[in-house]
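Asker: Following the hints, complete the assembly by docking chain B onto the known chain A.
Residue numbers (my numbering), protein chains in the order written: chain A, 1 to 123; chain B, 1001 to 1584.
Read the hints as simulated data drawn from the structure, not as lab findings.
Hints may contain errors.
[Stated by the list, open to error] Covered stretches of chain B (in silico footprint by chain A; criterion: 3 or more residues with CB under 8 Å from a CB of chain A, positions within the stretch not fixed):
| hint | segment |
| --- | --- |
| 1 | 1362 to 1372 |
| 2 | 1382 to 1394 |
[Unchecked claim] Simulated DEER-style distance windows between Cβ atoms:
| hint | chain 1 | residue 1 | chain 2 | residue 2 | range |
| --- | --- | --- | --- | --- | --- |
| 3 | B | Asp1450 | A | Thr42 | 21 to 29 Å |
| 4 | B | Leu1330 | A | Leu41 | 33 to 41 Å |
| 5 | B | Thr1479 | A | Pro92 | 24 to 32 Å |
| 6 | B | Pro1208 | A | Pro92 | 43 to 51 Å |
| 7 | B | Thr1479 | A | Leu113 | 36 to 44 Å |
| 8 | B | Asp1450 | A | Ser117 | 39 to 47 Å |
Backbone N, C-alpha and C fix where the C-beta goes; we use that ideal spot for every residue, glycine too.
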Amino acid sequence: MDTPLLITVVDDDESVRESLPDLLREFGFRVQAFSSAPDFLTSEYLAQTRCLILDIAMPGMSGLELQKELKLRRYDIPIIFITAHGDPAERPRLMSQGAVDCLMKPFSEAALLKALSAALPVS
Amino acid sequence: MMFSRKPSGASSTIGDSENKNGMNNECVRSSATEDSLRRLIDAVPGFVWSAAPDGNVTFLNQRWADYTGVELCDAQGFRWTQSLHPEDAPALAVYWGQLLQSGEAGEYEARLRRFDGSYRWFLIRAVPQRDESGAILCWYGENTDIEDRKRAEMLLAGEKHLLSMIAGGSALTPILEALCELVEGSFNGALCSIVLVDLKHPYPASEPVPRIQPGAAPHVPPNLVPGADGRPADAVLCPVAMAAVANEQVIVGDLNHETRWDGWRARALSHGLQANWSTPVTSSKGTVSGILSILHSEPQTPSTAQRNLIAQCTHLASIAIDRARNEAALGKIRSELTHLARVASLGALTASIAHEVNQPLAGIITNASTCLRMLGADPPNVTGALETARRTIRDGNRASDVINRLRALFSKKSITLESVDINEAAREVIAMLLGELQRNGVMLHPEFADNLPQVMGDRVQLQQVILNLILNATEAMNTISSRSRHLQISTHADDNDRVCLTVRDNGNGFDPQDAQRLFTAFYTTKSSGMGIGLSVSRSIIEGHEGSLWATVNEDGPGASFRFALPRKPQCDNAGESVTIQEPL
Chain A
1 MDTPLLITVV
11 DDDESVRESL
21 PDLLREFGFR
31 VQAFSSAPDF
41 LTSEYLAQTR
51 CLILDIAMPG
61 MSGLELQKEL
71 KLRRYDIPII
81 FITAHGDPAE
91 RPRLMSQGAV
101 DCLMKPFSEA
111 ALLKALSAAL
121 PVS
Chain B
1001 MMFSRKPSGA
1011 SSTIGDSENK
1021 NGMNNECVRS
1031 SATEDSLRRL
1041 IDAVPGFVWS
1051 AAPDGNVTFL
1061 NQRWADYTGV
1071 ELCDAQGFRW
1081 TQSLHPEDAP
1091 ALAVYWGQLL
1101 QSGEAGEYEA
1111 RLRRFDGSYR
1121 WFLIRAVPQR
1131 DESGAILCWY
1141 GENTDIEDRK
1151 RAEMLLAGEK
1161 HLLSMIAGGS
1171 ALTPILEALC
1181 ELVEGSFNGA
1191 LCSIVLVDLK
1201 HPYPASEPVP
1211 RIQPGAAPHV
1221 PPNLVPGADG
1231 RPADAVLCPV
1241 AMAAVANEQV
1251 IVGDLNHETR
1261 WDGWRARALS
1271 HGLQANWSTP
1281 VTSSKGTVSG
1291 ILSILHSEPQ
1301 TPSTAQRNLI
1311 AQCTHLASIA
1321 IDRARNEAAL
1331 GKIRSELTHL
1341 ARVASLGALT
1351 ASIAHEVNQP
1361 LAGIITNAST
1371 CLRMLGADPP
1381 NVTGALETAR
1391 RTIRDGNRAS
1401 DVINRLRALF
1411 SKKSITLESV
1421 DINEAAREVI
1431 AMLLGELQRN
1441 GVMLHPEFAD
1451 NLPQVMGDRV
1461 QLQQVILNLI
1471 LNATEAMNTI
1481 SSRSRHLQIS
1491 THADDNDRVC
1501 LTVRDNGNGF
1511 DPQDAQRLFT
1521 AFYTTKSSGM
1531 GIGLSVSRSI
1541 IEGHEGSLWA
1551 TVNEDGPGAS
1561 FRFALPRKPQ
1571 CDNAGESVTI
1581 QEPL
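The shape of chain A in the complex, shown without the other chains (with noise of 0.2 Å):
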């Protein structure tokens, strides 16, 4: 069997970064989690992410911030944005930019669940 796939978790939130690689792992994915975005930027598991769930607020550089520096450095990620601010009217904005889909925390399973096939049809 292949090594399972890789999904990068992005949040500056400590209680995703715990609670959400734990549920993508039991779904068989390997994981990373990384609390800002240049920690994932510097970090060696950049070139083997095949989805990277991101917050969009964040200190420093935000998600959306993080979207262009990888289009810039064509890195063809497919990008689940996750969010706290309870604003749907966001969505169709954030997803016309090219994110597979925009979650609102909290999420369920199963739109979790969604959002990755979406992301890796593949699997």
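Answerer: Showing chain B alone in chain A's frame:
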């Protein structure tokens, strides 16, 4: 002059020491004119008297006897002092003694008892008569009735006192009590009460129904004062209620000859009260706002002067009642404004709250999903499930902490005074706002002074002010893109023993001309918001005996808002000063 019969025309008066020859001539001729002189002296509208150099009164005119009911022989020597008011006698004795010692003319105001037992104020004047060597031959004196002037003075002083109470913001009850006592002092032996009248419309289009509420009745028997039950006034129950319903003065000169108000009348008569004058107090809107009632122990109707006095007193009552009612209405508006401002801040904070709560909720749901999967696996991963369940609880507590902080900040409770650490209060507000500041790209620079004295105040209200100032500063920097946004929150104790907190931004500042207008309700330079935050903030700070003001930064762009509060007294009631700080 009246006593002068000299052809020379030179004037001569009693006590004119330079014209003793004239006096002597008068004495020589006195036998011929004694009767007419006596008639003259008795006709003078006052008491005329003379006394020996040692102060022994040797003569008093007939008017004295007529007034006091004390015959001259019983008043001579020092016995006349029996007619003095007991409160005035000791001081007058001292004064009279000093006059006799010094030999100078003088005057004194004192009350003298009339034959019927009542007292009136008199101005007592004494002038020494000297011989050629300057030795005192005798004293001449005259007492003038100054009751009316004295009453006017007392009324004026009472009025001044009442107005200063009203202007000083005293509560309504003590003001009305003082007014009742003023009325009682002005109407000998009368009892005064004031009830409040509130006009209520039972239905929107109906006639208003007056309701009587307790006002003040310092000495009136309680069972004669209506209003304790708060029911609509019923004119058949008592004259006060009748005056309230009709909005007209009700004068009952003799309750013995009255057929109305059976129960009330019987109670009044049993207290020995036989007359009642009930006068409406008219508000500035022209409606009845109270009734001033005067009860007398003797049957009587008001004279013109007394009617004027009553009018003066009801006018004072109307000022006091109007002011108290306006204050109450203003207080209600103010608290509504405060609440509105909280709601407005709440609106601005909704995003922040959602963020704060959604973060732990996301953790909870994800953890629970993980937990279910771990337990549902074959074999179940119990160790992993336990760990995830623990994290679920922790995230749940985090969410609940957020809610508790919010509840404390926005609950509509009345002011509670406690000792507040401004640094701590500000830190809590900042903790709440971190998300909001971050989203606005604002860099926060807290500079909290060490050993900052505590202040006495309402912690929640003060935190609301801090919240307002920070949100304002954040908004002021919203449009700044050419430079980074810096927000500085600093505290210090100033030289006047006050605790200061400053919120400084580097936004666009404001026109210095607007420094005062900024704090006016509904004035705003922002595109959104109602502009009531700063006015409410100022009223909160001023309610804490502090001040809040704004300045344009001199050493850079932006504005600074600062409040200063008096520090908590260091040695107040030792028992109460021990206040444990409760975390929110």
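Asker: It remains to establish, for every hint, whether it holds in the given structure.
Answerer: Hints versus structure:
{"no.": "1", "hint": "1362 to 1372", "result": "holds (count 8)"}
{"no.": "2", "hint": "1382 to 1394", "result": "holds (count 4)"}
{"no.": "3", "hint": "B:Asp1450 / A:Thr42: 21 to 29 Å", "result": "violated, 39 Å"}
{"no.": "4", "hint": "B:Leu1330 / A:Leu41: 33 to 41 Å", "result": "violated, 59 Å"}
{"no.": "5", "hint": "B:Thr1479 / A:Pro92: 24 to 32 Å", "result": "holds, 26 Å"}
{"no.": "6", "hint": "B:Pro1208 / A:Pro92: 43 to 51 Å", "result": "violated, 58 Å"}
{"no.": "7", "hint": "B:Thr1479 / A:Leu113: 36 to 44 Å", "result": "holds, 42 Å"}
{"no.": "8", "hint": "B:Asp1450 / A:Ser117: 39 to 47 Å", "result": "violated, 57 Å"}
In terms of the numbered hints stated before, the structure departs from hints 3, 4, 6 and 8, listed from lowest to highest.
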